[in-house]
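Peer 1: Chain by chain, the residues:
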Amino acid sequence: MNDMNMEKKGEAQAAAQPQAAQPKAAPAAAPAAARPAAAAPAQPAKNQIEPECVAPEALRERMETLKNKEGYDFLENLTGFDWEADGLGVVYQLASTADPSRRVNLKTLTTDRENPYLPSVADLWDIANIYEREVYDFFGIRFTGHPDMRRIFMREDWVGYPMRKDDETEKNNPLRMTPEPLSDFTETYTLQSDGTVTKSQRRLFEEDEYVVNIGPQHPSTHGVLHFRVSLEGEKIKKIDPVLGYIHRGVEKISEKMTYPQTLALTDRLDYLGAMQNRHALCMCIEQAMGVEVSDRVKVIRTIMDELQRIDSHILFFSCLCQDLGATTAFLYGFRDREQILDIFEETCGGRLILNYNTIGGVMADIHPNFQKRVKAFIPYMRKNIKEYHDIFTGNVIFQNRAKGVGVLTKEQCISFGCTGGTGRAAGWHNDVRKLRPYAAYDRVQFNEVVRSEGDSFARYMIRLDEILESLNIIEQLIDNIPEGNFQEKMKPIIKVPEGLYYSAVEGSRGEFGVLLESKGDKSPYRLHYRSTGLPLVAVMDTACRDNMIADLITIGGTVDYVVPDIDR
Amino acid sequence: MAINKRPKIKSIPYEEFKDNETFERLVAELNAKGTNVIVRKLDELIDWGRSNSLWPLTFATSCCGIEFMAVCAARYDIARFGFEVTRNSPRQADVILVSGTITTKMAPVLRRLYDQMADPKYVVAVGGCAVSGGPFTKSYHVVNGVDNIIPVDVYVPGCPPRPESFLYGMMQLQRKVKVENFFGTTNRKEKDPYRDTMAEKAEEIYNEEEQA
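As given, the protein sequences belong to chains W and F, one line each in that order. For the first sequence, this note's numbering gives the first residue as 13, with consecutive numbering after it. For the second sequence, this note's numbering gives the first residue as 1494, with consecutive numbering after it.
The following block holds chain F by itself, in its conformation from the complex (with noise of 0.2 Å):
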C-alpha cells in the first residue's frame, strides 16, 4: 500500500497550496519502501489526530510574538485548526514557533529548549530573522536562520507575517504530519546525534563493572 499523496486539509484544494514539489518529493521518499497495510491505516488515524492537535510552545523573542498573540485571539483564532493549548513548558510542545531573531546569545538556549522537546517534534522559522537573519543579517549578533541550529520544518517569511500567513505555515506542517509513517519511524527517532555518547559509555562501563 502506498501513502495518499494527498492529504486533505479542510476547506483548501490541493494544488492552491504552494510548494507541492517538495511535498511530493517527501511522499515519494516515505513510499520508497512501501508500506503495511496494516500500519498504514492505524498510521493514518495517528496522523489525523496529531495534526489537529499540535501544541505550539510559547517561544516569541520579538515582533512575531505580537502577531502570533494575534493569531491566537479572536478573529484569526488559532483553535480553529486545534493549536490553541499554548505550552509554556517544552516538554509539554510538540511545535515549536520561533517567532523572532535568534541572537547568538540566545542561540544555546533555543538549542536547549529544542532538546528538551519530546519527539516527534517540529520547528516553524516564523518572520525573516527566524528565516535568514531579516534586517539584522549584517549584525555581529545575530544567527542567520535558526536552521543553523535547529532543523526546520516549516519557512513563514515576513516581517512579521501576516496571522493568515501563520496559519497557511501551520497547515504545511499539518500536511507534512498527515503523511508520516508513525509506527516504526516517527515514534522511533534516530538517536540524537547531540547525545553526549561518552557519558553513555561511561555509565555502560560503570554499570557492568556494578554486575561484576
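Chain W extracted, bound-state conformation (with noise of 0.2 Å):
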C-alpha cells in the first residue's frame, strides 16, 4: 500500500497529459493518394511481417509442399486484402505446431477486379473453408477448387462486397425485411487446364433429409447462431452453420476510426475477453510504433488478463450447467463472477466493457484497494472451485452426457485451428502465453493445462484447473506491481509506420490476434481480427456428427464459443 502511495504524487502530471488529446482526434479522412512517409523506427519492428508474394499459379504447389513436406500444419490466419490498384489479394499466415518457432507468412493477389479467381487451399487445412468463404462474402474473391462458395455473414441477396475499397454497401443494400433466403444449392469454381473457370451446382441437402433449424433465436446457441442440423432419426449428420447474425462490421469502420477510436469496438468483439481483445490492439500498435511500455503496465495487464479469464471461465462453468438444467450452480457461478466484476468496476469503471488498455499503457492506475481485494479474491475462489465440483462435476447425468461425447482428436483440432481450452483438451499445446511470451507472462511460472481425451468433459475440466492456473499467475505478481508511469506519453495523433504487422494474445477461448496494415495514415488501412470462434463453430460439423441432437448442447456449450466474436 505505502509504495502505491508514494508513487501517485508522480504520476498524477504524467496522467494529465495524454488523455486529453486522444478522443479529440480528427474523424475519419479519407485515405490520401500521396502519403507522406511517417517517422520509421531505425530496426523493422517486432511484429511486423513481410509475406512472400506467391503468383496464383504458383500457390497450391507452395502450399502443399508447406503442408505436406515441411510440417507446416497450422493455418493461424487467412486474410482478405483490398489493395486497390495493386488488386485483391489475400494473405496467409502459417505456423507449425511441432515448431512454434517455424512460421511463415505468404500472400498472393490478382488484379482482375470484375471477376477475382485465386486457388483454394480448404482441402489442405479444414478451416481454410470457412476462412475463404468469409473472404469471398467481403471481397468477391471467388477462390477455385472451394467445395462450398456460398455467403458466410451476408444475406444471400446481399449486393456488392462490403469490404472492398470501392463498394458503395449503403446505398445497394436497404434494409430488407423480407425473410432470408437460404438457398439449399451450393456453388463449385473449377480451374481448366485452359485457364477458364468453370462453375457447377452442388446440393447441400438432399430432398428427403430431415432438416432442424436451431437458432438464430435460441436460448442454447449463446447468441443469435443458426445451425442447420441435418438428422437420421436422433444422431446428427450433418451441420451447416450460417452466421452473420450479429456481424457489425467492426473491421470495415474500424477503417474510418483513429487508433484510439478503434480500441473500442474490440471490447465488444469478445465481450468475456475484453481485456485481452483490447490488450492485443494495444500491443500491436505499440509494437509497430516501437513504443516500450514500462513494467508497471504489463504486470497490470498481466493480471487483468487473468482476472478476466477467470470471469469467462465462470461464466463458461455458469451457462453450461444452466443448459443442462442446473440452476442452482448458474447462480454460485453468478455469485462469484461478481467479485471479479466489483474489482474491475473499481478501477476501470465499468462492469462487462472495461476500455481499460489504452495504446501506451492503461487508461487510469489501479485503484488502492486492487491488491487488497484481489488477495482477498484469490482464496475465496479457491474454495469455490471445489464447490463446483461437488455441485456439477460428479453428477452422474452430466458424466454421462459429456464423457467421450463430441471427442475431437488433436489432428482435427489443428486443422481446423481450434485454439484454446478445445485445443489443449485434445493434447495440442498452443498457448500462445508459453510459445510467444508477452506482457509479464515470461516472469511467471505456470502450467499451461492439457488434457488428451478431447471430449466434452476434458473441455470443461480445463477451464476449470485454468482457473486455478490464472490463480497462481494473479499471485505471483500482485505483490510485485512495480513502480512505473501507468501510460507512456503518445503523440496527440498516433500514426503507425507503413506496414503490416501482427499480434496475438492467449484470449479466453483461443488465440486472439490483430493483423494490422498501415500506409502511414492515423487510421488502419485493413483491420483484421482473428477470432478465436470461428473455427470453434467451423469444428462443430465434425465434432458433432453421429452424436445425439441433444447433445449438440453440451458440445456447443463446452466449445464456448461467443458469437459477436465470430461474426465481428
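Just to be clear, a hint being listed does not mean it is correct.
[Claimed, not checked] Residues of chain F clear of chain W, computed beta-carbon distances all greater than 10 Å:
#1 1521
#2 1538
#3 1556
#4 1575
[What the hints assert, rightly or not] Estimated spans, in silico, between C-beta atoms of each pair:
#5 1515/F <-> 354/W: 28 to 36 Å
#6 399/W <-> 1521/F: 51 to 59 Å
#7 56/W <-> 1515/F: 55 to 63 Å
[Claimed, not checked] Going by beta-carbon spacing under 7 Å, a handful of chain W positions derived as facing chain F:
#8 167
#9 174
#10 231
#11 236
#12 260
#13 265
If you are wondering where the hints come from, they were derived from the structure by calculation, not from laboratory data. Built from N, CA and C at the ideal position, the CB exists for glycine as well.
The two chains are supplied separately, each in an independent frame; assemble them into the complex guided by the hints.
Peer 2: Shown next as C-alpha cells:
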C-alpha cells in the first residue's frame, strides 16, 4: 500500500497530458493518394511481417509443399485484402505445431477486380473452408476448387462486397424486411487446364433429408447463431452453420476511425475477453510504433487478463450448467463472478465493457483497494472451485452426457485451428502465453493445462483447471507490481508506420490475433481480427456428427464460443 | 372517474423517476375521454397483477445479454419484481428486452419474434445499440435503433446498462402498464397494420363461395 501512495504524486502529472488529446483526434479522413512517410523506426518492428508474394498459379504447389513436406500444419490466419490498384489478395499465416518458432507468411493477389479467382487451399487445412468463404463474402474473391462457395455473414441477396474500398454498400443494400433466403444449393468453381473457370452446382441437403433449424433465436446457442442440422433419427448427420446475425462490420468501420477510436470496438467483440482483445490491439500498435510500455503496465495488463479469463471461465461454467438444467450452479457461478466485476469496476469503471487498456499503457492507475481485494479473492475462489466440483462435476447425468461425447482429435483441432481450451483438451499445446510470451508472462511460473481425451468432459475440466492456474499467476504478480508510469506519453495523433503487423494474445477461448496494415495514416488501412470463435463454430460439424441432437447443446457449450466474436 | 396519475412503485417515490412529463402526457391522453367507474376499478386490479408479472423473452444478441444474465442472478435478483419467469418462446412472453445490436440480417427475425408475441406486448430497448446503433452507427450492417422495426416502450441507455438501470427501465414499464385501460383497449388492440389483408380477403371470398 505504501509504495502505491508514494507513486501517486509522480503520476498525477503524467496522467494529465496524454488523455486529453486522444479523443479529440479528427474524424475519418479518406486515404490520401500520396502518403507522407511516417517516421519509421530504425529497426523493423517486433511484430512486423513481410509476406512472401506467390503468384496464384504457383500457390497450390507451394502450399502443398509447406503443408505436407515442411510440416506447417496450422493455418493461423487467412485474411482478404483490397490493395486498390495493386489488386485483391489474400495473406496466409502458417505455423508449425511441432516447432512453434517456425512461422511463414505468404501472400497472393489478382488484379482482376471484375472476376477475381484464386486457388483454394480448403483441402489442405479444414479451417480454410470457412476463412475463404469469409474472404468471398467480404471481397468477392472466388476460390477455385472450394467445395462450398457461398456467402457466410451477409444475406444471400446482398449486393456487392462490403470490405472493398470502392463498394457502395449502404446505397445498394437498404434494410430488407423479407425473410432471409437460404438456398439449398452451393457452388463450386473449377479451374480448367485451359485457364477458364467453370461453375457447378451441388445440393447441400437432399430433398428427403430431415433438417432442423436451431437458432437464430435459441437460448442454448449462446447468442444469435443458426445451425441447419440434418438428422437421421436422433443422430446428427451434418451441420451447416449460418452466421452473420450479429455481424457488425467492425473491421470495416475501423478503417474510418483513428487508432484510439478503434480500441473501443475490441471490447465489444468477445465481451468475455474484453481485456485481452484490447490488450492485443494496443500491443500490436505499440510494437508497430516501437513504443515500449513500462513494467508496471505489463504486470497490470497480465493481472487484468487473468482476472478476465477467470471471469470468462466462470461464465462458461454457469451457462453450461444452465443449459444442462442445473440452475443452482448457474447462481453459484454468478455469485463469484460478481466479485471479479467489483474489482474491475473499482479500477476501470465498467463491469463488462471495461475500456481499460490504451495505446501506451492503461487508462488509469489501479485503485488503492485493488491489491487488497484481489488478494482476498484468490483464496475465496480456490475454495469455491471445490464447490463447483461438488455440485456439478461429479453429477452422473453430466458425466454421462459429457464423457466420450463430441470427441475431437488433436489433428482435427490443428486442422480447424481450434486454439484455446478446445485444442488443449485434445492434447495440442497452443498456449500463446507459453509459445510467444508477451507482457509479464515470461516472469511467472504456470502450467499449461493439457488433457488428451478431447471430449466434452475434458473441455469442461480444462477450463476449471485454468481458473486455478490463473489464480496462481495473479498470486505471483499481485505483490510485485513494479513502480513506473501507468501510461507512456504518446503523440496527440497516433500514426503507425507503413507495414503489416500481427500480434496475438491468449484470449479466454483461444488465440486472439490482430493483423494490422498501415499506410502511415492515422487510421488503419486494414484491420483484421483473428476470431477465436470462428474455428470453434467451424468444427461443430465434425464434433457433432453421429452424436445425439441433445448433445449438440453440451458440445456447443463446452466448445465455448461467443457469437459477436465470430461475426465481428 | 379519472386514472390515478401517480401509480405506486414500491420504495421509489414518484418524484424520483425521470421523464415524468412523458408519463403525465400519456395519462392525460388516457384520461381525455374519462373512464367507467366499475371498469376502471377492475382495470386497476388487473394492471396491478400484470405489471408485477411481466415475463420477458430470453432474447440477447450481444454484450447486454450477459448483463441481463447478471440481473437474473442472485445479487440483483430480478425475481423481486416478478420478471424472473424468462420464456424461451415468444408466444408465452409479455415483454421483449432487445439487448444487443440488431443487424440488418437479424431485423426480419426480430420482427417475426415480435409478431409472434401475444398482445398486450411491450418492448424495452436495452443498451446503446438497441436505442440508436450505439458505437456501430456507421456500420453497413447495423439497424440504427430497433424503433425502426418495432415500437419501443422504454429505452434503457448504456453500453451495457448497469443492472440497476435494467431494473429502473423495467419499473418505468411497470408504471406504464399500471395506468393502461385494460378492458376495451389493451385487451382489444388495434388491428395489426402488418396483417396480410389480401390473404384475409381471399379467404373471405373463398368462404362465401363455399356457402353459396
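Peer 1: Going by Cβ atoms, does residue 1556/F stay more than 10 Å from chain W at every point?
Peer 2: 4 Å, violated
Peer 1: Does residue 1521/F really sit off the interface, with its C-beta more than 10 Å from all C-beta atoms of chain W?
Peer 2: 34 Å, holds
Peer 1: So, as I understand it, the hint says residue 167/W touches chain F; can you test that by seeing if any CB pair is closer than 7 Å?
Peer 2: It holds, given that the least Cβ distance between residue 167/W and chain F is near 6 Å, below 7 Å.
Peer 1: Let me know if the C-beta of residue 231/W comes in closer than 7 Å to any C-beta of chain F, holds or violated.
Peer 2: 5 Å, holds
Peer 1: Starting from the hint 51 to 59 Å, judge whether the C-beta atoms of residue 399/W and residue 1521/F obey it.
Peer 2: About 55 Å separates the Cβ atoms of residue 399/W and residue 1521/F, which means 51 to 59 Å holds.
Peer 1: Taking 28 to 36 Å as the stated bounds, is the beta-carbon spacing between residue 1515/F and residue 354/W within them?
Peer 2: 34 Å, holds
Peer 1: Assuming the hint says 55 to 63 Å, is it satisfied by the Cβ distance from residue 56/W to residue 1515/F or not?
Peer 2: Between residue 56/W and residue 1515/F, where Cβ atoms are some 59 Å apart, the hint holds.
Peer 1: Under 7 Å is the threshold here; is the Cβ of residue 174/W close enough to any Cβ of chain F for the hint to stand?
Peer 2: 5 Å, holds
Peer 1: For residue 1538/F, is the shortest CB-to-CB distance to chain W above 10 Å, so the non-interface label stands?
Peer 2: 32 Å, holds
Peer 1: Take the shortest C-beta to C-beta distance between residue 260/W and chain F; is it under 7 Å?
Peer 2: At 5 Å from the nearest chain F Cβ, residue 260/W passes the 7 Å test, so the hint holds.
Peer 1: Would the non-interface assignment of residue 1575/F survive a Cβ cutoff of 10 Å against chain W?
Peer 2: 18 Å, holds
Peer 1: Under 7 Å, Cβ to Cβ, is where residue 236/W needs to be relative to chain F, so tell me if that hint holds or is violated.
Peer 2: 5 Å, holds
The structure shown violates just one earlier hint, number 3.
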